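Next come the chains, spelled out residue by residue.
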Amino acid sequence: MSSIFRDIINIISLVAIPLVIFVFLGWGIVRKVKVYEVFVEGAKDGFQVAVKIIPYLVAMLVAIGIFRASGAMELLTTVLAPVTTLIGMPPESLPMALMRPLSGSGSLGIMTELMKVHGPDSLIGIMASTMYGSSETTFYVLAVYFGAVGIKNTRHAVPVGLVADAAGMLAAVWIVNLLFR
Amino acid sequence: MLNYIWIALIALGIVVAVGNDVSDEVQNRYRNGFLVDATVEIQKSPTALRSTWEGELVLSAEAFNVLYPTHSTAGQIRQPVTVSTGGEGGASLIMPVGESTPAIWKEMAKFASTRERLTGTVRSFRPDAVSGTAAIQFVLEPIRFVKLKAVTQAAIDYAATAVNISLGLIGVMALWLGVMKVAEQAGLLNVLTRLLTPVTRRLFPDVPPDHPAVGAMIMNIAANMLGLSNAATPMGLKAMEELNKLNPKVGTATNAMCTFLAINTGGLILIPATAIAVRAAAGSANPGIIIGTSIVGATCATVAGVLAARILQRLPRYKKAMEVTHE
Numbered sequence: 001m002s003s004i005f006r007d008i009i010n011i012i013s014l015v016a017i018p019l020v021i022f023v024f025l026g027w028g029i030v031r032k033v034k035v036y037e038v039f040v041e042g043a044k045d046g047f048q049v050a051v052k053i054i055p056y057l058v059a060m061l062v063a064i065g066i067f068r069a070s071g072a073m074e075l076l077t078t079v080l081a082p083v084t085t086l087i088g089m090p091p092e093s094l095p096m097a098l099m100r101p102l103s104g105s106g107s108l109g110i111m112t113e114l115m116k117v118h119g120p121d122s123l124i125g126i127m128a129s130t131m132y133g134s135s136e137t138t139f140y141v142l143a144v145y146f147g148a149v150g151i152k153n154t155r156h157a158v159p160v161g162l163v164a165d166a167a168g169m170l171a172a173v174w175i176v177n178l179l180f181r
Numbered sequence: 001m002l003n004y005i006w007i008a009l010i011a012l013g014i015v016v017a018v019g020n021d022v023s024d025e026v027q028n029r030y031r032n033g034f035l036v037d038a039t040v041e042i043q044k045s046p047t048a049l050r051s052t053w054e055g056e057l058v059l060s061a062e063a064f065n066v067l068y069p070t071h072s073t074a075g076q077i078r079q080p081v082t083v084s085t086g087g088e089g090g091a092s093l094i095m096p097v098g099e100s101t102p103a104i105w106k107e108m109a110k111f112a113s114t115r116e117r118l119t120g121t122v123r124s125f126r127p128d129a130v131s132g133t134a135a136i137q138f139v140l141e142p143i144r145f146v147k148l149k150a151v152t153q154a155a156i157d158y159a160a161t162a163v164n165i166s167l168g169l170i171g172v173m174a175l176w177l178g179v180m181k182v183a184e185q186a187g188l189l190n191v192l193t194r195l196l197t198p199v200t201r202r203l204f205p206d207v208p209p210d211h212p213a214v215g216a217m218i219m220n221i222a223a224n225m226l227g228l229s230n231a232a233t234p235m236g237l238k239a240m241e242e243l244n245k246l247n248p249k250v251g252t253a254t255n256a257m258c259t260f261l262a263i264n265t266g267g268l269i270l271i272p273a274t275a276i277a278v279r280a281a282a283g284s285a286n287p288g289i290i291i292g293t294s295i296v297g298a299t300c301a302t303v304a305g306v307l308a309a310r311i312l313q314r315l316p317r318y319k320k321a322m323e324v325t326h327e
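From first to last, the protein sequence lines stand for chains A and B.
Quick note: the first sequence uses the working numbering, first residue 1, plus one each step.
Quick note: the second sequence uses the working numbering, first residue 1, plus one each step.
By construction, these hints were calculated from the structure, which means they are not laboratory data.
It is possible that part of the hints are untrue.
Each computed DSSO-like pair below joins lysine-lysine, with the alpha-carbon atoms no more than 30 Å apart [as the list claims (entries may be wrong)]:
1. A:44 - A:32
2. B:110 - A:44
3. A:152 - B:44
4. A:116 - B:106
5. B:249 - B:319
6. B:249 - B:149
7. B:110 - A:52
8. B:320 - A:52
9. B:110 - A:34
10. B:149 - B:110
11. A:32 - B:245
Pairwise CB distance ranges (calculated) [claimed, not checked]:
12. B:78 - A:19: 55 to 63 Å
13. A:177 - B:283: 18 to 26 Å
14. A:40 - B:250: 22 to 30 Å
15. A:113 - B:74: 32 to 40 Å
16. B:245 - A:26: 23 to 31 Å
Treat the numbers as computed from the prediction; the structure is a model and nothing was measured.
Quick reminder that beta carbons are idealized off the backbone N, C-alpha and C, glycines included.
Can you make the complete structure from the sequences, with help from the hints?
If you want it as C-alpha cells, here you go:
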C-alpha cells in the first residue's frame with residue numbers, strides 16, 4: 001500500500017516541473033502572450049530578490065553558527081533530557097528536535113550520526129528520521145521569506161513557527177512510540 | 001520576538017563557549033605541557049640534504065590512557081611523525097593528522113597553530129642504530145580557547161554560507177519568476193485560484209480570493225508537498241511579494257504572511273526524500289517506513305501552526321503592531 005503511494009508520488013514529482021513549464025508557457029502561447037518577452041521581464045527580478053535576502057540570511061545564519069560551534073546544544077540537551085524522557089523521547093533524539101528548526105545541514109548531520117550509531121531501524125533511528133520529515137528549518141524559512149520583502153517586524157510569525165515545530169516533534173514522538181515501540 | 005531569540009542564540013553561544021574553554025583550561029583537557037614518552041620506528045634517517053628523521057611514532061595504549069583518561073583507547077597508537085633535531089631553538093616534531101589518529105589529537109589539530117597537524121618540542125631523542133628505533137620524549141604545543149576559536153570561525157564561515165545560499169537562488173528564482181509571469185499574463189493562475197477559493201478564503205480572509213498572491217501560494221504549497229524545493233522557494237517568495245502589495249504597513253508582517261509562513265514551516269511533504277535516502281544509505285531494511293509517520297508529524301505541525309497564527313493574531317500586542325499611524 002505504502003509502496004504504491006510512494007511510486008505515484010515519485011512519478012508526480014518527476015514530471016511536475018517539466019509539465020508545469022510546458023503547460024504554463026503553452027497556455028501563454030494559446031492566450032497570445034508574448035512568452036519570451038514576458039518571461040525575461042519576470043526573470044529579471046530574480047537577481048534583486050536574491051540580493052535582498054543576503055543581510056537577513058547573514059544575520060540569521062551567523063547567530064545559528066555561533067550557537068552551534070559553542071557547544072551550547074550539548075548543555076541544553078543535558079538540561080532538558082530529564083523532562084523529555086518523561087514524554088517518551090529518548091535523550092539521544094533530543095538534539096535532533098532542538099536542531100531541526102535552526103539548521104537543515106545540522107539536523108541532517110545529527111540524523112545521519114544517530115543512524116550510524118543506533119541503526120536506521122532502531123526506535124531512535126526511526127524517530128530521528130520522522131522528526132526530520134515532520135518539520136522545516138523554521139528560522140531559515142523566516143529569514144528568506146521575510147528578507148525577500150524586507151519585513152523586519154515579524155509579529156507573531158516566530159511563536160507560530162515554534163508552535164508548529166513543537167507540535168511536529170511531539171507528534172513524531174507520539175506516533176513512533178505508538179507504532180514501533 | 002525574533003530580536004530576543006536572535007540575541008539569545010548569540011549571547012548563549014558566546015557565554016557557553018567561554019565557559020567550556022575555562023572548564024577545559026581548569027581540567028587541562030588537552031594536557032598542555034605534559035611530557036610524553038614514546039618510541040619512533042625510524043624509516044628515513046637524516047642525509048646531507050635533509051636534517052630530519054622520518055618514521056612512525058608508537059605509543060602503547062596504557063601510556064596513552066594515562067595521559068588522556070577521558071579519551072581511552074584499546075589499541076596501540078601508531079602515527080607518522082617527522083623529527084628535526086638540528087636547527088635553532090632545539091628539536092621539534094610534526095605529526096600530520098590522518099584517519100588512524102586518536103580522536104582527541106584530531107580535535108587538537110583542528111585548533112593547532114598549523115591546521116591538520118600537531119607540532120611539539122622534543123626534549124630528548126635517542127636513536128638506536130641496531131634496532132632502527134629511537135626513544136623520544138616530547139611536549140605537544142599547548143591548545144587553548146578551542147570553543148572561542150570555533151565560534152569565531154563559525155561566524156565567518158556562516159556569513160559566507162549565507163551569501164552563497166542567496167546567490168545560489170538567483171538562477172532558480174529567475175526561472176520561476178519568468179514562468180510565473182507568463183502564467184499570470186495568460187490568466188492561468190486565476191483558474192487555479194478559483195478552484196481552491198473555498199479553502200483559501202478561510203485560510204487568508206484578508207486576501208481577495210482572485211489576487212495573484214493566492215495563485216503563487218497554492219503553487220508554493222503544492223511544490224513543497226511534492227518535495228520540489230527548488231521550485232517551492234521562488235514561488236513562495238513570489239507569493240510574499242504579492243502579499244506585500246496588500247500590506248498597509250511596509251516592513252511589518254501581515255496576518256496572511258504569518259499564516260502562510262506557518263504552512264511553510266510545518267513542512268508538509270508527501271515523500272521525505274532526504275530522510276529516506278539517508279536511511280537507505282545507513283542500510284535500513286525498509287527506508288520508506290517513515291513516510292506515514294512523517295506525514296502525521298508534519299500534518300500536526302501545520303495544523304498547530306495555522307491555529308496558533310489564528311489565535312495569536314488577535315493578541316493586542318500583535319494587533320497594535322499592525323496599526324497604521326496617520327500623520
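The hints, checked one at a time:
1. About 21 Å separates the Cα atoms of residue 44 (chain A) and residue 32 (chain A), which keeps this hinted pair within 30 Å; it holds.
2. Taken as a hint, the residue 110 (chain B) and residue 44 (chain A) pair is broken in the structure, with Cα atoms around 43 Å apart against an allowance of 30 Å.
3. At roughly 64 Å between alpha-carbon atoms, residue 152 (chain A) and residue 44 (chain B) are farther apart than 30 Å, so this suggested pair is violated.
4. Taken as a hint, the residue 116 (chain A) and residue 106 (chain B) pair is honoured in the structure, with Cα atoms around 20 Å apart against an allowance of 30 Å.
5. Pair hint residue 249 (chain B) plus residue 319 (chain B) holds up; C-alpha atoms about 12 Å apart against a cutoff of 30 Å.
6. For the proposed pair residue 249 (chain B) and residue 149 (chain B), the alpha carbon gap of about 42 Å is over 30 Å, so the pair is violated.
7. A hinted pair counts as satisfied when its Cα atoms are at most 30 Å apart, and residue 110 (chain B) with residue 52 (chain A) does not qualify at roughly 35 Å.
8. Note on residue 320 (chain B) and residue 52 (chain A): the hinted pairing holds, with a Cα-Cα distance of about 27 Å set against a maximum of 30 Å.
9. Only pairs whose Cα atoms come within 30 Å are accepted, and residue 110 (chain B) paired with residue 34 (chain A) is rejected, the gap being roughly 57 Å.
10. Only pairs whose Cα atoms come within 30 Å are accepted, and residue 149 (chain B) paired with residue 110 (chain B) is accepted, the gap being roughly 10 Å.
11. In summary, the hint linking residue 32 (chain A) to residue 245 (chain B) is supported, as the alpha carbons are separated by about 27 Å, within the 30 Å threshold.
12. Separated by about 58 Å at the C-beta atoms, residue 78 (chain B) and residue 19 (chain A) satisfy the suggested range of 55 to 63 Å.
13. Range check, residue 177 (chain A) to residue 283 (chain B): Cβ separation about 23 Å, and the 18 to 26 Å hint holds.
14. A C-beta distance of roughly 28 Å is found between residue 40 (chain A) and residue 250 (chain B), which places it inside the suggested range of 22 to 30 Å.
15. A C-beta distance of roughly 22 Å is found between residue 113 (chain A) and residue 74 (chain B), which places it outside the suggested range of 32 to 40 Å.
16. In this structure the supplied range 23 to 31 Å holds for residue 245 (chain B) paired with residue 26 (chain A), their Cβ-Cβ distance being about 28 Å.
Of the numbered hints stated above, those contradicted by the structure are hints 2, 3, 6, 7, 9 and 15, listed in ascending order.
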